[in-house]
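Asker: Sequence:
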Amino acid sequence: MAAALMLGCGQAAWAQGTTTEKNYKSYPHMFFGLHGGGQITFTDYKPSKLITPLYGASLGGYFNPVVGTRLHVSGYQAKGGVRAINETYDYKYVTTDIDVILNLTNLFSKKHDHLFNVLLFGGVGLNYAWDNDDMLALNSAGKTHYSQAWDDNLLSHNARVGMQLDVNLAKHVGLNLEVMANSLSDKFNSKMSSRNDWQLTASLGLAFKFAYKDKKAQPAPVVEEVWETRKDTVWYDDVTYKNVPVQDKLESQIYYNISLSEPKPQAKINEIVEFVKNHKNCKISVTSYADKGTGNPTINMKYSEERTKNVVDALVKAGVDKNIITAESKGDSVQPFAENDKNRVTITVVTGEGTKKEKVVTKKFRIEETRYRVK
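Residue numbers (this note's numbering): 1 to 375.
In case anyone wonders, no lab produced these hints; they're calculated from the structure.
Backbone N, C-alpha and C fix where the C-beta goes; we use that ideal spot for every residue, glycine too.
Accuracy of the hints is not assured; some may be wrong.
What the hints assert, rightly or not - Derived Cβ-Cβ restraints for the label pairs, each shown as a range:
| id | residue 1 | residue 2 | range |
| --- | --- | --- | --- |
| 1 | Lys25 | Glu87 | 54 to 64 Å |
| 2 | Val226 | Val360 | 26 to 36 Å |
| 3 | Glu369 | Val222 | 41 to 51 Å |
| 4 | Ser194 | Pro28 | 43 to 53 Å |
| 5 | Asn86 | Ala170 | 46 to 56 Å |
| 6 | Glu271 | Glu353 | 10 to 20 Å |
| 7 | Glu358 | Glu328 | 29 to 39 Å |
| 8 | Leu71 | Asp151 | 50 to 60 Å |
Claimed, not checked - The list that follows gives simulated cross-link-like pairs (lysine-lysine, DSS-like), each with its CA atoms no further than 30 Å apart:
| id | residue 1 | residue 2 |
| --- | --- | --- |
| 9 | Lys143 | Lys171 |
| 10 | Lys143 | Lys79 |
| 11 | Lys79 | Lys187 |
Construct the complete structure from the given sequences, taking the supplied hints into account.
Answerer: Listed below in structure tokens is the structure:
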């Protein structure tokens, strides 16, 4: 029944405990245990009549998943029997042992986290017995004649070996079933048989586990990167500019007040000079006019001639070659504008070969390499 209870509790606890990853190491750790059960000290009396209660406690720990140790204290009451008179006698005892623990499950398994663990114990200690009044009373009454029956108390050695089935219910709690065989002094049960007395104990208990160590955070796995190179053909427009000859033209008007022939403003002359500097094969046509609304044809011709001459002289003075200039004076015989006052004017037309930037687009391609990660 105890085994069935342990199996049922263990399976329920293990099903719950395995749903999450542990953040602590199962070993090493310490434990404190409490247990209770029964014991029998073997003699020639009927065994079923010699079973008595047993209580115990332990404190220990594991150095690693396989080896541990504990300090174990147990006892309460033992019972002996005299078959000749069919009577039993009680006495009290307590045993203190230091045990070495060997975890057989972990010893033979690469995995060290189990629901069930089978443990092997071996230890030595001391046994202290007292209250042997029942046996002494039988001797006094003449019913028995055990001369080696001890009075007051008895201190003897204890050597033992045993097994335990431990069930991990939770991180801090375990349920265990333990069976131990103890070798005691021949005087323990007040009977002498020239060999040690043997005591068998069986108990069910709880172990409270603590002092676990946290797991170190696992470093992220190093993933080897795999890169490849892709070659792409990229088409693009290659833009350049070339000089293309063009025929440029500049027309400039210089207006005059009545009876004046000086070319003003000077900016008009400078504009013509700058055009000539920036063009080839220039030709300049200078034509002056006079308005019909004032003067007469003779005076007006004189004004237009002066105006033409003054413009030509200003251009030559500014560095323009006279040979490219064609001069003409119209007087008032020709009126280029409908508005009278605007006909007091010198119209200069300059032509020449210039250049302009023409955009040239050429389709070209290049090979581009792209590195990309595939893993």
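Asker: Now tell me if each hint is right for this structure.
Answerer: Here is how each hint holds up against the structure:
no., hint, result
1, Lys25 / Glu87: 54 to 64 Å, "56 Å, holds"
2, Val226 / Val360: 26 to 36 Å, "45 Å, violated"
3, Glu369 / Val222: 41 to 51 Å, "27 Å, violated"
4, Ser194 / Pro28: 43 to 53 Å, "44 Å, holds"
5, Asn86 / Ala170: 46 to 56 Å, "49 Å, holds"
6, Glu271 / Glu353: 10 to 20 Å, "18 Å, holds"
7, Glu358 / Glu328: 29 to 39 Å, "36 Å, holds"
8, Leu71 / Asp151: 50 to 60 Å, "30 Å, violated"
9, Lys143 / Lys171, "56 Å, violated"
10, Lys143 / Lys79, "17 Å, holds"
11, Lys79 / Lys187, "13 Å, holds"
In summary, the structure is inconsistent with hints 2, 3, 8 and 9 from the numbered list given earlier, while agreeing with the others.
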